[in-house]
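Top to bottom, those sequences are chains V and H.
Residue numbers for the first sequence follow my numbering, so the first one is 2 and each next one is one higher.
Residue numbers for the second sequence follow my numbering, so the first one is 2 and each next one is one higher.
There could be a bad hint or two in this list.
[As the list claims (entries may be wrong)] Derived contacts from chain H toward chain V, CB cut-off under 7 Å, selection only:
no.: 1; residue: T88
no.: 2; residue: S113
no.: 3; residue: R131
no.: 4; residue: L159
The hints are simulated quantities; they were obtained by calculation from the structure and are not laboratory data.
Note that the Cβ used here is the ideal one computed from N, Cα and C, for glycine as well.
Protein chains: 2
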Amino acid sequence: MTLSLISLGLWNEKSMSLEALEAAKNCDVLYMEEYTAKLAGAGNEKIGEEIGEKINLLEREKVESDFLIKESEGKKVGLLVGGDALTATTHIDLMLEAKKKGIETKYIPGTSIYSVAPGLAGLQIYKFGRTASVPFPQENFRPETAYDILKENKKMGLHTLVLLDTEPANMTANEGMKVLLEIEEKRSEIVFTNETGVVVVARAGSENPLVKYGKVGELLGEDLGEPLHCFIVPGKLHFKEEEALSLNK
Amino acid sequence: MTLSLISLGLWNEKSMSLEALEAAKNCDVLYMEEYTAKLAGAGNEKIGEEIGEKINLLEREKVESDFLIKESEGKKVGLLVGGDALTATTHIDLMLEAKKKGIETKYIPGTSIYSVAPGLAGLQIYKFGRTASVPFPQENFRPETAYDILKENKKMGLHTLVLLDTEPANMTANEGMKVLLEIEEKRSEIVFTNETGVVVVARAGSENPLVKYGKVGELLGEDLGEPLHCFIVPGKLHFKEEEALSLNK
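Same shape as in the complex, but just chain V (with noise of 0.2 Å):
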């Protein structure tokens, strides 16, 4: 009958939209999942009640499997998703999925770190280039990618946006610092040294976020609190942004 993707937005059971908010009472079974990306200040209970109805947590492998398009070919099925749903590869492939047998499909936006990060830090958001992106590092799996990311934006003087992963946890934005200035320590390109300009941002999308600006030598060791975390590698600096920055420091 109808999949719905409802986006949950940033932060706890307060970020959703209105308009979320409806669409979730319209279905006749919701789920929840948390690994694409996790809201920090709400759980499914919280969201639940909020909406006023049961929300069943599902497990990865339940959201990658053919489960949500089975459950969808005869009843009204919601998914609920921390940040704007359709930033995760696993929710596009599933609209498309369910496009593809025929069941009609919805997408509520929610707000995301991709547009909220960069106004917090009172960056130009047409000024970022591409988003990088910091799993942890495995025995056999160091992926540079976010390194080649950044090196390519300062080339062109845009700023990086980082992200950090949230499996098997909260990679905080000091551990994130660290695998990048191991890659640094590899490549010497001077990319991402002690030197380097970030600005931290954590919680955002709550009510008391944290934004803060020095160099990585400085942050590297202070406690930049609860999760998620997030970190910004600023290019070249309008004076307005110099100004906001300094505001953080």
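Start from chain V and add chain H according to the hints.
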């Protein structure tokens, strides 16, 4: 006292978050501006009905003066803005000025075209380069920045989101494509031609957005319906992205 920047999200009076609604109700006086971003699905009256308070529309000059700062000295002032308020430089500046004057500031995020358009098109947001904006060309002002950005992103295989002017009118995707074709004619660098693939995204955030993939030459003469329009010039496509686009041909 307090200056709250309250984002309204992408479409109408239902696009704002629950938090935004509460924040607006808490203000002593509410203003709205429609020149950095316009809600195509609702004006200040409909928004006011939803909130249950009168909303005063502010013209550009007032927003950019110290009017709001002065107002905020003794009152809880809310400024309502379509999309995400802090994607506009004007509002970053406003927050900066308020902070410098010691006025408490709040920011409530909203859904933004920056994250919603990629998802609607079925394209992966982390493969987007810098965003381009196309202004209406004027006698003595025919900027080619958008063309340059398309060229850079193309070189790196990245997708480009192309935003269109909303002042003095809403530029259609057709008009935007024409502007870029004229620059192509002049520069001949084969960046944006009749053969270039584009995805038009119209009325993002509404219940019936249009997503249409085709060549510039095909879409140029098509009626793409009501505003707002934007489009995406895809770079190198993953096969899943290819599949998503083919469903919207």
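Against the structure, the hints come out as follows:
{"no.": "1", "hint": "T88", "result": "5 Å, holds"}
{"no.": "2", "hint": "S113", "result": "4 Å, holds"}
{"no.": "3", "hint": "R131", "result": "5 Å, holds"}
{"no.": "4", "hint": "L159", "result": "6 Å, holds"}
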